[in-house]
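Q: Sequence:
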Amino acid sequence: KEFENLFNRNRIFMERTQGGGAISADRALAYGMTGPNLRAAGVDYDVRVHNPYCSYQDFEFDIPVGTTGDNYDRFMVRNGEMWQSLRIIEQAYQKIQGFTGAEADVYHAEVPAFYLPKKEDVYTKMEALIWHFKIIMGETAIPKGEVYHSVEGANGELGFYFISDGGRTPYRLHFRRPCFIYYQAYEELASGAMLSDAIITLSSLNLIAGELDA
16 KEFENLFNRN RIFMERTQGG GAISADRALA YGMTGPNLRA AGVDYDVRVH
66 NPYCSYQDFE FDIPVGTTGD NYDRFMVRNG EMWQSLRIIE QAYQKIQGFT
116 GAEADVYHAE VPAFYLPKKE DVYTKMEALI WHFKIIMGET AIPKGEVYHS
166 VEGANGELGF YFISDGGRTP YRLHFRRPCF IYYQAYEELA SGAMLSDAII
216 TLSSLNLIAG ELDA
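Residue numbering for the sequence shown follows my numbering, starting at 16 and increasing by one per position.
Incorrect hints may have been included.
[What the hints assert, rightly or not] List of simulated lysine-lysine pairs, BS3-like, C-alpha gap at most 30 Å:
hint : residue 1 : residue 2
1    : K110      : K16
2    : K159      : K149
3    : K110      : K133
4    : K133      : K149
5    : K159      : K133
6    : K134      : K110
7    : K134      : K149
Derived from the structure by calculation, the hints contain no laboratory data.
Assemble the whole structure, with the sequences as input and the hints as a guide.
A: Now the structure itself:
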């Protein structure tokens, strides 16, 4: 609340951010934007809602959406998402309190060959040690085929494209990094702006430098 009181309706902050770095919904989609930067442009898309995973379909939360796609809207969308994250955490806490017996155990993948055993078991059980060794040393063949899966990261859709030829290592593995896409749009967003405004626009995109290397 204190954070909101400092910024949300601050006249100076609003004057410095409103109208700067604006992008339309059509242009944002053309670039392939996702996450809060796309939602700030008015597109109601969230992987957790439109392609649910990890039981997100069992939680109630709203998707903050902007209208103008400018620096202020990007800020407001992220501010709204903090409150929605709290809603999800509170619901998860309540659900966990009701877990009993087998429900209270840790959830693992459906194929045990592809997740590591508990560390304490590795130290005390021969079967777990062998299981751990086989996974780490790559003796488990990966089923032939290809798959794409994505999650809703803090900056947008984080995707994983995986191709296997049936061997012990991936034939191809590609990561879809949201910030790599945002940076492609930065030139358009900052075009014609003062240098000080261009810096604000860059900050509003919340770029992670490690994602910018193709």
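Q: Against this structure, judge whether each hint is valid.
A: Status of the hints after comparison with the structure:
| no. | hint | result |
| --- | --- | --- |
| 1 | K110 x K16 | 26 Å, holds |
| 2 | K159 x K149 | 19 Å, holds |
| 3 | K110 x K133 | 24 Å, holds |
| 4 | K133 x K149 | 14 Å, holds |
| 5 | K159 x K133 | 27 Å, holds |
| 6 | K134 x K110 | 26 Å, holds |
| 7 | K134 x K149 | 15 Å, holds |
Consistency with the previously given hints is maintained throughout, with no hint failing.
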